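Full structure from sequences and hints, please.
Respectively, the protein sequence lines represent chains A and B. The numbering of the first sequence is full-length UniProt numbering, which starts it at 1 and goes up by one. The numbering of the second sequence is full-length UniProt numbering, which starts it at 1 and goes up by one.
Since the hints were made in silico from the structure, they are not lab data. Being a predicted model, the structure only gives us computed values, none of them experimental. Heads up, some of the hints might be wrong.
As the list claims (entries may be wrong) - What follows is a set of in silico ranges between Cβ atoms, one per label pair, in the way DEER data are often shown:
no. : chain 1 : residue 1 : chain 2 : residue 2 : range
1   : B       : Thr18     : A       : Ser46     : 28 to 34 Å
2   : A       : Glu200    : B       : Thr102    : 46 to 52 Å
3   : A       : Glu223    : B       : Glu174    : 46 to 52 Å
4   : A       : Glu161    : B       : Glu402    : 48 to 54 Å
5   : A       : Ala242    : B       : Glu389    : 46 to 52 Å
The beta-carbon is built from N, C-alpha and C at its ideal position, and this holds for glycine as well.
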Amino acid sequence: MRSEAERSESSEQASGRTPASRDAEVREIRTDGGDDVEIPEVDYVSGSGVPIRGNDIDTDQIIPARFMKVVTFDGLGEFAFFDLRFDENDDLKDHPFNEERFQDSSVMVVNANFGCGSSREHAPQALMRWGIDALIGESFAEIFAGNCLALGIPTVTADSETIEELQEWVDANPDGELEIDVEAETVTYGGETIDVTVDEAQRKALVEGVWDTTALMKANAGEVRKTAEELPYVEESAIPEAE
Amino acid sequence: MSEGTLYDKVWDRHKVTTLPTGQDQLFVGLHLIHEVTSPQAFGMLRERDLEVAYPELTHATVDHIVPTSDQSRPYDEDAAEEMMSELEENVREAGIDFSDPTSGDQGIVHVIGPEQGLTQPGKTIVCGDSHTSTHGAFGALAFGIGTSQIRDVLATGTLAFEKQKVRKIEVDGELGEGVEAKDVILEIIRRLGTEGGVGYVYEYAGSAIESLGMEGRMSICNMSIEGGARAGYVNPDETTYEWLKETDYFQENPEKFDELKPYWESIRSDSDAEYDDVVTIDADELEPVVTWGTTPGQGIGITEPIPAPEELPEDKQDTARRAQEHMRVEPGETMEGYEIDVTFLGSCTNARLPDLRRAAEIVEGRQVHDDVRALVVPGSQRVQRTAEEEGLKDVFEEAGFEWRNAGCSMCLGMNEDQLEGDEACASSSNRNFVGRQGSKDGRTILMNPQMVAAAAIEGEVTDVRDLKEVTTV
Numbered sequence: 001m002r003s004e005a006e007r008s009e010s011s012e013q014a015s016g017r018t019p020a021s022r023d024a025e026v027r028e029i030r031t032d033g034g035d036d037v038e039i040p041e042v043d044y045v046s047g048s049g050v051p052i053r054g055n056d057i058d059t060d061q062i063i064p065a066r067f068m069k070v071v072t073f074d075g076l077g078e079f080a081f082f083d084l085r086f087d088e089n090d091d092l093k094d095h096p097f098n099e100e101r102f103q104d105s106s107v108m109v110v111n112a113n114f115g116c117g118s119s120r121e122h123a124p125q126a127l128m129r130w131g132i133d134a135l136i137g138e139s140f141a142e143i144f145a146g147n148c149l150a151l152g153i154p155t156v157t158a159d160s161e162t163i164e165e166l167q168e169w170v171d172a173n174p175d176g177e178l179e180i181d182v183e184a185e186t187v188t189y190g191g192e193t194i195d196v197t198v199d200e201a202q203r204k205a206l207v208e209g210v211w212d213t214t215a216l217m218k219a220n221a222g223e224v225r226k227t228a229e230e231l232p233y234v235e236e237s238a239i240p241e242a243e
Numbered sequence: 001m002s003e004g005t006l007y008d009k010v011w012d013r014h015k016v017t018t019l020p021t022g023q024d025q026l027f028v029g030l031h032l033i034h035e036v037t038s039p040q041a042f043g044m045l046r047e048r049d050l051e052v053a054y055p056e057l058t059h060a061t062v063d064h065i066v067p068t069s070d071q072s073r074p075y076d077e078d079a080a081e082e083m084m085s086e087l088e089e090n091v092r093e094a095g096i097d098f099s100d101p102t103s104g105d106q107g108i109v110h111v112i113g114p115e116q117g118l119t120q121p122g123k124t125i126v127c128g129d130s131h132t133s134t135h136g137a138f139g140a141l142a143f144g145i146g147t148s149q150i151r152d153v154l155a156t157g158t159l160a161f162e163k164q165k166v167r168k169i170e171v172d173g174e175l176g177e178g179v180e181a182k183d184v185i186l187e188i189i190r191r192l193g194t195e196g197g198v199g200y201v202y203e204y205a206g207s208a209i210e211s212l213g214m215e216g217r218m219s220i221c222n223m224s225i226e227g228g229a230r231a232g233y234v235n236p237d238e239t240t241y242e243w244l245k246e247t248d249y250f251q252e253n254p255e256k257f258d259e260l261k262p263y264w265e266s267i268r269s270d271s272d273a274e275y276d277d278v279v280t281i282d283a284d285e286l287e288p289v290v291t292w293g294t295t296p297g298q299g300i301g302i303t304e305p306i307p308a309p310e311e312l313p314e315d316k317q318d319t320a321r322r323a324q325e326h327m328r329v330e331p332g333e334t335m336e337g338y339e340i341d342v343t344f345l346g347s348c349t350n351a352r353l354p355d356l357r358r359a360a361e362i363v364e365g366r367q368v369h370d371d372v373r374a375l376v377v378p379g380s381q382r383v384q385r386t387a388e389e390e391g392l393k394d395v396f397e398e399a400g401f402e403w404r405n406a407g408c409s410m411c412l413g414m415n416e417d418q419l420e421g422d423e424a425c426a427s428s429s430n431r432n433f434v435g436r437q438g439s440k441d442g443r444t445i446l447m448n449p450q451m452v453a454a455a456a457i458e459g460e461v462t463d464v465r466d467l468k469e470v471t472t473v
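Put into structure tokens, the structure is as follows:
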């Protein structure tokens with residue numbers, strides 16, 4: 001059996017893309033202090049689409065657990081859908097992520113209960129590092145959608161008929177542009193604009209650029225202490241002194 | 001919207017403020033961390049020059065990657081050793097308590113929290129692990145979070161969260177022989193679907209739930225997420241309090257028990273609480289449930305036929321077809337007699353003492369089938385020690401089981417315990433996803449611990465109620 005490193009190499013060769021270079025483009029938030037993190041507003045995402053069909057696509061399929069033996073998320077992109085893309089001899093299987101025509105796609109169109117299972121943020125991290133900027137689907141598992149939001153990735157929903165039509169269109173138009181207007185809750189493709197749904201809190205967070213909540217919540221440290229003090233089970237020693 | 005439920009009350013007590021996103025900022029009473037989902041969060045803190053705000057309310061263990069055979073350091077596998085070292089460094093720097101393997105308190109995060117009394121009614125509990133819902137068995141509001149949220153909790157002691165609806169699931173009646181808490185939750189998921197709980201928190205109630213011990217309640221709450229519900233809970237009662245009394249925290253601080261009890265009582269759902277939905281299930285009707293497919297919702301009673309995909313709702317048909325192809329099962333047949341290569345008795349769902357005791361009762365005086373590799377992986381070092389003192393280890397080993405050290409093990413195949421090729425595994429764990437147990441062609445059949453024991457003996461899926469009596473000489 002080959003090692004994972006060799007496997008990943010073969011995956012790169014096989015797909016003809018270099019996920020590592022994608023990694024470099026990934027939005028990263030680096031600052032010197034907690035208070036001045038600049039969070040981009042995500043009110044509009046556009047790109048060509050890739051259809052990933054099937055209900056209940058779970059996180060073990062998105063990123064098998066054996067690729068999670070890492071202490072950073074760097075380089076996870078190449079392992080997205082690994083077991084669906086490669087057979088035991090590392091030969092390519094039929095999967096949209098293996099198709100040449102979808103190599104530049106950044107909007108995934110999925111069906112129901114996508115991302116069910118584990119809380120592993122490795123799943124959306126792998127998709128993001130592959131190059132996915134947004135997902136359109138019938139429905140998403142909650143933790144997965146929350147993890148996407150924490151990365152600034154919209155998960156917008158529409159009914160199953162709409163999704164099917166969209167998947168067919170993407171199949172027929174692999175280079176066709178999908179435009180997601182997060183604020184207006186619409187998707188425009190092929191000259192047509194359809195209504196989609198964006199969860200209210202997600203929409204606000206993305207549009208107003210408050211999806212990275214650390215700084216936002218840190219600003220309330222005083223109120224947090226007060227809440228903690230009023231809880232009977234929190235011991236005094238556990239509550240930090242005011243800064 | 002719900003009113004007067006435990007969920008509403010615990011939420012209100014922990015709400016700091018409403019954020020500009022419309023989400024509430026919730027105070028986190030207990031943050032459990034492990035080696036797989038936390039290192040990246042500590043990395044993010046460093047990048048932002050932030051510190052852990054509430055280290056005393058944070059507790060660490062190592063479970064996912066820990067070897068269950070040879071645990072001497074450094075671990076055989078470099079990646080596992082690196083993850084362990086990283087966790088050690090992170091908790092040391094931040095001053096976080098760590099139940100590491102040398103402490104004798106290590107184990108699966110959802111087993112050790114309750115053991116040590118860290119898990120208490122009315123707490124908000126989070127962990128970077130979807131099975132955090134387990135802790136809801138104590139009347140805590142507990143759910144899994146992603147790594148960016150772990151960063152939030154580490155940095156602020158809080159979490160941005162949207163309030164959900166509450167569905168009461170009332171299970172009345174009595175569980176029959178061979179039927180366990182695991183069967184109740186598999187039945188719930190089967191009926192309501194794997195996404196039926198999205199947007200909901202589940203309150204488990206009714207006489208069948210109330211008569212369960214804490215371990216059974218934990219098994220049920222554990223798999224809430226498999227039904228799409230991020231959290232599930234049981235109102236605290238005398239059974240809960242009896243457990244708490246015996247834990248480290250209340251043994252060391254006995255005065256706290258009386259001090260906190262009024263709070264625990266106060267957060268119980270009111271008798272006239274309002275729910276967004278109520279579902280009832282008759283416990284008397286249940287039989288041992290096994291899965292035939294590749295989602296936890298694809299379950300059937302052991303005597304029931306596997307459904308034909310076209311008989312299922314349209315949106316379930318495609319998944320069912322693919323699942324039946326993967327599992328190589330035919331509609332119309334039952335799962336009885338399905339050949340098994342491996343049995344796994346372990347995981348945060350079913351690796352506590354009573355789980356092992358019930359399985360051992362089945363195993364005693366019998367032998368593991370020649371073609372079966374059978375593993376027992378206790379949920380924690382404490383479970384392991386007690387089981388060894390009670391003689392359970394001997395029972396299992398004499399029958400031909402491997403007795404391992406505590407960890408997540410073959411539930412998700414992140415350590416050396418994995419299925420190989422297309423092996424079929426009768427498993428007491430929580431997920432039968434394709435590839436879940438370490439091999440993409442592996443086949444997982446979820447079931448309760450007694451049923452796992454029966455499968456190990458017979459080498460095939462077996463109705464534990466039909467096992468022949470052991471003839472004693």
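Hint check:
Evaluation of the 28 to 34 Å hint for Thr18 of chain B and Ser46 of chain A yields a pass: the beta carbon distance comes to about 32 Å. About 48 Å separates the C-beta atoms of Glu200 of chain A and Thr102 of chain B, a value consistent with the hinted range of 46 to 52 Å. Distance hint for Glu223 of chain A and Glu174 of chain B: a CB-CB separation of about 48 Å, consistent with the stated range 46 to 52 Å. Under the hint 48 to 54 Å, the C-beta atoms of Glu161 of chain A and Glu402 of chain B, about 51 Å apart, fit the expected range.
Distance hint for Ala242 of chain A and Glu389 of chain B: a CB-CB separation of about 49 Å, consistent with the stated range 46 to 52 Å.
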